[in-house]
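Participant: If you read the sequences in order, they're chains A and B.
Anchor point for the first sequence: position 5 equals 5 in the working numbering, and the numbering is continuous, going up by one each time.
Each number in the working numbering comes from the position in the second sequence (counting from 1) with 585 added on.
Since the hints were derived computationally from the structure, they do not count as laboratory data.
A portion of the hints provided could be inaccurate.
Simulated restraints on C-beta separations [to be verified]: (1) Gly-977(B) / Gln-531(A): 53 to 63 Å; (2) Arg-239(A) / Glu-1047(B): 53 to 63 Å; (3) Pro-168(A) / Val-750(B): 36 to 46 Å; (4) Asp-912(B) / Thr-207(A): 53 to 63 Å; (5) Asn-876(B) / Leu-160(A): 22 to 32 Å; (6) Phe-809(B) / Leu-33(A): 41 to 51 Å; (7) Leu-36(A) / Arg-739(B): 31 to 41 Å.
Listed below are the simulated BS3-like cross-link pairs for lysine-lysine, each with C-alpha atoms no more than 25 Å apart in a straight line [claimed, not checked]: (8) Lys-883(B) / Lys-873(B); (9) Lys-1040(B) / Lys-1093(B); (10) Lys-768(B) / Lys-873(B); (11) Lys-458(A) / Lys-524(A); (12) Lys-768(B) / Lys-246(A); (13) Lys-218(A) / Lys-902(B); (14) Lys-546(A) / Lys-524(A); (15) Lys-246(A) / Lys-902(B); (16) Lys-591(B) / Lys-1037(B).
Note that CB positions come from ideal geometry on N, CA and C, so glycine has one too.
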Amino acid sequence: MKNREKHSSQMQALRRVLTYVRPHMPLLMLSLLLNLLTVVLSLLIPILIGRGIDCILAAGNVDFTRLLTLLGQIVACIGASALFQWLSGLLNNRLTYGTVRDIRQDAFRRIQVLPLSFLDSRPVGDTVSRMVSDVDTFADGLLMGFTQFFSGVMTIIGTLIFMLTLSPLITLAVFILTPLSLFVARFISSRTYRMFRLQSSTRGEQTALIDETVGNQKLILAFSHEQASLEQFDEINSRLEECSLKATFFSSLVNPSTRFVNALVYAAVALIGALTVLAGGLSVGGLTSFLSYANQYTKPFNEISGVITELQNALACAARIFELIDEEAQTPDPDKPEEPTSVMGHFSLEHIRFSYDESRPLITDLSLNAAPGTRVAIVGPTGCGKTTLINLLMRFYDPQSGIIRLDGVRTDAMRRSTLRRNIGMVLQDTWLPAGTIREIITFGRPEATEEEVIAAAKASHAHSFIRRLPQGYDTPIAEGGGSLSQGLQQLLCITRVMLALPPVLILDEATSSIDIRTEQRIQKAFAAMMQGRTSFIVAHRLSTIKNADIILMMKDGNVIEQGSHEQLLRNNGSYAALYRSQFEQ
Amino acid sequence: MSEFWKHMRKYRKECILGPAFKLLEALFELIVPLIIAGLVDNGIRMNNTAAVYGSGGLLALMAALGFAASVTAQYFAARAAIGYSSDLRHRLFSHIQSFSYADLDHLGVSTLITRMTGDINQVQTGINLGLRLLLRSPFVVFGAMIMAFTIDTRSALIFVGVIAVLFLIVFGIILGTVPMHRKVRSGLDDVTAATRENLSGVRVIRAFVQEDTQISRFDRLNDFLTRAQLHVGRWTSAMNPLTFLVLDLAIVLLIRTGAFRVDEGSLSQGQLIALYNYMGQILVELVKLANLIVTLTKSAACGRRISDIMQLSSSMKDGTADLPPGDLTLSFDDVSIRYSEGADPSLEHISFTAAPGETVGIIGGTGSGKTTLVHLIPRFYDVTGGSVRLEGQDVRDFRLSSLRGAVGIVPQHAVLFQGTIRSNLLWGNPDADDASLMEAAAAAQALDVLDKKEKGLDEPVEQGGRNFSGGQRQRLTIARALVRRPRILILDDSASALDYATDAALRKSLRSLPYHPITLIVSQRTSSVRFADRILVLDDGVCVGQGTHEQLLETCPVYREIHEAQQADAAAEGGMKS
Chain A
1 MKNREKHSSQ MQALRRVLTY VRPHMPLLML SLLLNLLTVV LSLLIPILIG RGIDCILAAG
61 NVDFTRLLTL LGQIVACIGA SALFQWLSGL LNNRLTYGTV RDIRQDAFRR IQVLPLSFLD
121 SRPVGDTVSR MVSDVDTFAD GLLMGFTQFF SGVMTIIGTL IFMLTLSPLI TLAVFILTPL
181 SLFVARFISS RTYRMFRLQS STRGEQTALI DETVGNQKLI LAFSHEQASL EQFDEINSRL
241 EECSLKATFF SSLVNPSTRF VNALVYAAVA LIGALTVLAG GLSVGGLTSF LSYANQYTKP
301 FNEISGVITE LQNALACAAR IFELIDEEAQ TPDPDKPEEP TSVMGHFSLE HIRFSYDESR
361 PLITDLSLNA APGTRVAIVG PTGCGKTTLI NLLMRFYDPQ SGIIRLDGVR TDAMRRSTLR
421 RNIGMVLQDT WLPAGTIREI ITFGRPEATE EEVIAAAKAS HAHSFIRRLP QGYDTPIAEG
481 GGSLSQGLQQ LLCITRVMLA LPPVLILDEA TSSIDIRTEQ RIQKAFAAMM QGRTSFIVAH
541 RLSTIKNADI ILMMKDGNVI EQGSHEQLLR NNGSYAALYR SQFEQ
Chain B
586 MSEFWKHMRK YRKECILGPA FKLLEALFEL IVPLIIAGLV DNGIRMNNTA AVYGSGGLLA
646 LMAALGFAAS VTAQYFAARA AIGYSSDLRH RLFSHIQSFS YADLDHLGVS TLITRMTGDI
706 NQVQTGINLG LRLLLRSPFV VFGAMIMAFT IDTRSALIFV GVIAVLFLIV FGIILGTVPM
766 HRKVRSGLDD VTAATRENLS GVRVIRAFVQ EDTQISRFDR LNDFLTRAQL HVGRWTSAMN
826 PLTFLVLDLA IVLLIRTGAF RVDEGSLSQG QLIALYNYMG QILVELVKLA NLIVTLTKSA
886 ACGRRISDIM QLSSSMKDGT ADLPPGDLTL SFDDVSIRYS EGADPSLEHI SFTAAPGETV
946 GIIGGTGSGK TTLVHLIPRF YDVTGGSVRL EGQDVRDFRL SSLRGAVGIV PQHAVLFQGT
1006 IRSNLLWGNP DADDASLMEA AAAAQALDVL DKKEKGLDEP VEQGGRNFSG GQRQRLTIAR
1066 ALVRRPRILI LDDSASALDY ATDAALRKSL RSLPYHPITL IVSQRTSSVR FADRILVLDD
1126 GVCVGQGTHE QLLETCPVYR EIHEAQQADA AAEGGMKS
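Let the sequences and hints guide you as you build the complete structure.
Facilitator: Have a look at this one:
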């Protein structure tokens, strides 16, 4: 059952591959044809050479007229075969890399429109490996492998036919003996597998130690622990030496062994061939042709057995890529989007119902009205729905029912881009693209001037940090912030928003790792930035909460209390209880 | 390279025997066409069945001898390669132990790890293949040529020509495409990076409505990669047809010349067949040789990267004096430091003195230079201006082991190593007995950590100490520093994961240690430093205030600002977050 499923998913993957190959179909057909011609011509050459040698018997016994004709034919074969081989190689490249490019392009475009619910549920590394290594394996295996497989099979069939026309008996001998080398190779590699496993586990152990010690080299210096570390290292190192030696040596027996088997096949062909010649069943030239076939014949066998596993692997990879490409996109933007005339920042939520997982309801009935310029602090324990609210405001997720309006216009009636351009967001998980500090800051507004960048950096108090970096604003930073401290990364995120300064702000109070003094400055800058802007703040700090116009007290996905600090204290409800239990000593 | 041979000398026997047996194998292979020639000339032409069987037996014998020789060669090659690289690993690891903090910053830890792992493995592969093939392939190629000369000089000239041309083609294409392959590799890296970025940054990208920009950027990278792949593909797909073309044409030429030579009686049919067979052996070995050269170039590059590191000597000069016994006075005398030339200084004109037993608090924002300041005491870095002194003598005069032996440091990140609690605490002093370990643990408020664990001191610690909570790790690292009874104790923001009560108990027990270290406490919280004898307030690398808590509240606006902000939030810490 499982096998059939696997089979059918492979067939499905193959069909999808064909849709990508279809535009290049003439290329593929032409390439296969050229390949076939190459194989036939190149197999013809040993035969012609053998015939040529038959023209050269002994002194005074050379048939020059026939020989020259034959040589002319050989040259023609050689030229044509080389040309065809080259052309088919070029066609294959074009076919392979073109298809790969198209697939990558489609996959990337799909990523841009996939719903966040999909992306959130999948590790980044997994999707990256689909886009990069799976596509590569697919290209190598399926397209290159296919032509290799094709020409390998053709070569074997061709060789057998050509050999049969020369001598069925010797052909039989070759046919029986050749698989022996495959068998020997498989035998050795199955035996060495255990040694390789030991080698790689020991190597893993050593790498872990290297990671641990070299990674914390400074600590080792601080405790003068150098000698002890070295001893520990040497112990593993000597074990690694021992098992590496075994693994390397035994695995390096594969080539000599298969060569040995092939040499024996060669000897057998020579012997049987010579006896056949003596018995009059074959010419000396024919024997020569045979010997050169015997040399070539084993190669496609070794190749094909590798290619078959590769083909299967490639199909599995293709299936993984198409899973990504065929994943359903988020609901598209409306055909006739509405645009709010001028955004003041009036946000309202009406009877929102939302959950990530239908079986576990989260937000059941949320309503909220934030007038332009309102400062909304969202308060509540982990899992109460604070982040979810941000996801809904930004339309990273859509509610199952209910309406969200910005300045009276339903947010699902406008383009996502219109909505998001009007909201500035600083999340707790900082994310910075790779690039220079300047590029990071201008991420949302690539056209910003130097003065604007510096002004924004000064406003977020990042300027003095940046100036102290080796190349100031031109310092390159690796993706994910590289060596920057978490605090500095957050400052850059804030600077990035400072530069764009849209009418609505969403601040996930990203202060956990910025020291208090720097944070104080940021708070001041935030306060200035929030002037006249609607702001939603996931708040942890008392000062933020107290200064808010509306406090949303959330619990289990719903707003249980709403109002200013004073109002809520007067109400003497959950907020007041929480306030007294946690903020007062 | 001379460095390479110096250490390879240990494996002289293997380096000679490996290739020697490989040559032997090649020799047996080279005899095969001669046997075939004999088979044709003496067996078939003379109608001699016994000679045919003889030749067949010889062929089988050659196969067996070749097999034995090559197995022996593989063994010696593996021994030399593995032995050498194990030794190299040891030397490199030991060399890394000598680097200073500045060297480590400069080189980067990840670089060193790559050198230790990937690069050395590549060197190992290079040596192994090199010993096996480097001599064999040229030997077969030139051996075939020489054998051709022994058969017939005129025909052998064709070999000379064809070897030269094939050599040019194979090496030209393989070596010529190395930079193109590198371009493909880096193109692929870019595509990978762009994909990863778009996934991990999806919220920000969508929030800033940058999807289209990202798509066009990706298309550019993707097209660049495809072009690079096609470019290199054009050359590599030309290699096979081109070499076969040259070789086959040479064979045609050989047969044509051979026909005349046979006709005039200076060559036999069997010999002509032998020449034809030799021709066939050349190509296979040339391709192998060229691929080997690529592997060797890669290995050599890795070897160079390793030897670059081996040649770096520590940038820090060790001192000669021993630290005087007894209590120490610490003083900073107009200290400045900048990490690299051109960068703004990280500390400027810092001066203070601490008497034995005193506690110094250091407070300031992120990047204000707090950690830098304490790192100057055990000479993790050297000052670029002024001096750090112990008992009036510059720390640069002391032997590093003597100096660092007197300092107990608790770093910001509480890192434990794989092993047991005991093995971790022994880092502080390898000779400590259990009683002093427990004493240190008690002072570090870590006794209850030990109590909670079933095996006490022998409780296993997983890599990075991940089977302990942040607060437990922090207390164990404090204990580790106390085990050596330091004369200077440095706590670099090391109570951040402790709750208020434990923090207070810790401060109290540190004050009542039976010995009297100078204690430096780095913190962002005024509550952690307010009881210090002296507090330094740092702001962007400058000391903007110095004094006791009360004095600073009066005189230092920066300190007051920090304190007030924390007062307001003191209780909120951790409160509403949960």
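Participant: For each hint, tell me whether it holds in the structure or not.
Facilitator: So, going through the hints one by one against the coordinates:
The hinted window of 53 to 63 Å between Gly-977(B) and Gln-531(A) holds, with their beta carbons roughly 56 Å apart. Checked against the hint of 53 to 63 Å, the pair Arg-239(A) and Glu-1047(B) fails, with Cβ atoms roughly 21 Å apart. At roughly 39 Å, the beta carbons of Pro-168(A) and Val-750(B) sit within the given window of 36 to 46 Å. Our hint of 53 to 63 Å for Asp-912(B) and Thr-207(A) is violated, since their Cβ atoms are close to 45 Å apart.
Distance hint for Asn-876(B) and Leu-160(A): a CB-CB separation of about 30 Å, consistent with the stated range 22 to 32 Å. The supplied range of 41 to 51 Å is broken by Phe-809(B) and Leu-33(A), whose beta-carbon atoms lie about 32 Å from each other. Here the CB-CB span from Leu-36(A) to Arg-739(B) is close to 39 Å, well matched to the stated 31 to 41 Å. About 15 Å separates the Cα atoms of Lys-883(B) and Lys-873(B), which keeps this hinted pair within 25 Å; it holds.
The straight-line distance between the Cα atoms of Lys-1040(B) and Lys-1093(B) is roughly 28 Å, outside the 25 Å bound, and the hint therefore fails. A distance of roughly 24 Å separates the Cα atoms of Lys-768(B) and Lys-873(B); the hinted pair therefore holds under the 25 Å criterion. The straight-line distance between the Cα atoms of Lys-458(A) and Lys-524(A) is roughly 12 Å, inside the 25 Å bound, and the hint therefore holds. Distance hint between Lys-768(B) and Lys-246(A) is unfulfilled; the C-alpha atoms sit about 36 Å from each other, more than 25 Å.
Between Lys-218(A) and Lys-902(B), the direct Cα distance comes to roughly 17 Å. Compliance with the 25 Å bound is thereby established for this hinted pair. Between Lys-546(A) and Lys-524(A) the CA atoms are separated by roughly 15 Å; this keeps the pair inside 25 Å, and the hint holds. Distance check on the hinted pair: Lys-246(A) and Lys-902(B) sit about 43 Å apart at the alpha-carbon level, beyond 25 Å; violated. This hinted pair does not check out: Lys-591(B) and Lys-1037(B) have alpha carbons roughly 54 Å apart, beyond 25 Å.
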